[in-house]
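All chains should be built: construct the whole structure from the sequences, respecting the hints.
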Amino acid sequence: MARKDSSTPAPRKQRFGWARQIGTAFTQARGLDPAVVWWMLGAFVLVEVVFVVLGIVFDHAIYLSVIGIPLAVMAAGIVMVRRTERAAYAQLEGQVGGGGAALGALRRGWFFEQQPVAVEATRPGDLSAAAMVFRAVGRPGVVLVAEGPQGRAQKLADKERKRISRVLPNVPVTVLRVGTGEGEVPVRKLVSKLQRMRPSLTKTEVTAVNKRLRALGSAPMPVPKGIDPMRARPDRKGLRGR
Numbered sequence: 011m012a013r014k015d016s017s018t019p020a021p022r023k024q025r026f027g028w029a030r031q032i033g034t035a036f037t038q039a040r041g042l043d044p045a046v047v048w049w050m051l052g053a054f055v056l057v058e059v060v061f062v063v064l065g066i067v068f069d070h071a072i073y074l075s076v077i078g079i080p081l082a083v084m085a086a087g088i089v090m091v092r093r094t095e096r097a098a099y100a101q102l103e104g105q106v107g108g109g110g111a112a113l114g115a116l117r118r119g120w121f122f123e124q125q126p127v128a129v130e131a132t133r134p135g136d137l138s139a140a141a142m143v144f145r146a147v148g149r150p151g152v153v154l155v156a157e158g159p160q161g162r163a164q165k166l167a168d169k170e171r172k173r174i175s176r177v178l179p180n181v182p183v184t185v186l187r188v189g190t191g192e193g194e195v196p197v198r199k200l201v202s203k204l205q206r207m208r209p210s211l212t213k214t215e216v217t218a219v220n221k222r223l224r225a226l227g228s229a230p231m232p233v234p235k236g237i238d239p240m241r242a243r244p245d246r247k248g249l250r251g252r
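Following the numbering used here, the numbering of the sequence shown begins with 11 at its first residue and continues without gaps.
Hints are supplied without guarantee of correctness; some may be wrong.
To be verified - Derived pair list, reagent style BS3-like, types lysine-lysine, alpha-carbon separation capped at 30 Å:
id	residue 1	residue 2
1	Lys203	Lys172
2	Lys165	Lys203
3	Lys169	Lys199
4	Lys213	Lys169
5	Lys213	Lys203
6	Lys199	Lys213
7	Lys165	Lys221
8	Lys213	Lys172
9	Lys221	Lys203
10	Lys169	Lys221
These are calculated hints, taken from the structure and not from any lab test.
The structure is reproduced here in structure tokens:
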């Protein structure tokens, strides 16, 4: 029998993995918001000072000061998370697909599509000025998030709303437009807007509606004007290789 090679070292378990995760999160937070360090420090000092003052008042300065340390660390962590979220949403504001990316922060109970369910671009392959519609399904019903040029985005969302209403006539469909103008929802407030909407479906109905919409598929992509898909010819030079 072949002898087992004992010279090969066994894989070592990673120690302090939680510390590495915290360090990675802090590095990412500082990259998005350089001022996050000072905000975290301010939160830590503020909470600790409160506990020190309470300790002096109640004649337990050392005891309450020690208790205040983990709570001060927790406060600094909460500030880091909030500042990071705000900086991330600020980067998404005005970006193509920003509304769809923000839907990724929805909590359990929501279904959303990472890709737009409807797109209308003025030029093939150019999404810089494209109108897009993203879809989310939750207890408030179906929510369509439109972004892009106002007229085309609203028209595209209305078309998608009618398409859904024909299949699910008893399910409420709400259209929200992402932006900073009047009647629009900023990217940073989109998730909270959806979560505050009044529920009208049960959890079972939400799952059924999502399955029905996924089976329905997305709206067909528009064909650029001037192109007849029935007469389109392949690029023979491309097939042979240039």
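Status of each hint after checking the structure:
Simply put, Lys203 and Lys172 have alpha-carbon atoms about 23 Å apart, close enough for the 30 Å limit, and the pair holds. Under the criterion of a C-alpha separation no larger than 30 Å, the hint pairing Lys165 with Lys203 is consistent with the structure, at around 22 Å. Between the alpha carbons of Lys169 and Lys199 the distance comes to roughly 25 Å, so the proposed pair stays at or under 30 Å and holds. With a C-alpha separation of about 27 Å, the suggested pair Lys213 and Lys169 falls inside the 30 Å cut-off, and the hint holds.
For the proposed pair Lys213 and Lys203, the alpha carbon gap of about 19 Å is at most 30 Å, so the pair holds. With a C-alpha separation of about 24 Å, the suggested pairing of Lys199 with Lys213 holds against the 30 Å cut-off. Between Lys165 and Lys221, the direct Cα distance comes to roughly 25 Å. Compliance with the 30 Å bound is thereby established for this hinted pair. Between Lys213 and Lys172, the direct Cα distance comes to roughly 24 Å. Compliance with the 30 Å bound is thereby established for this hinted pair.
Pair hint Lys221 plus Lys203 holds up; C-alpha atoms about 24 Å apart against a cutoff of 30 Å. Pair hint Lys169 plus Lys221 holds up; C-alpha atoms about 20 Å apart against a cutoff of 30 Å.
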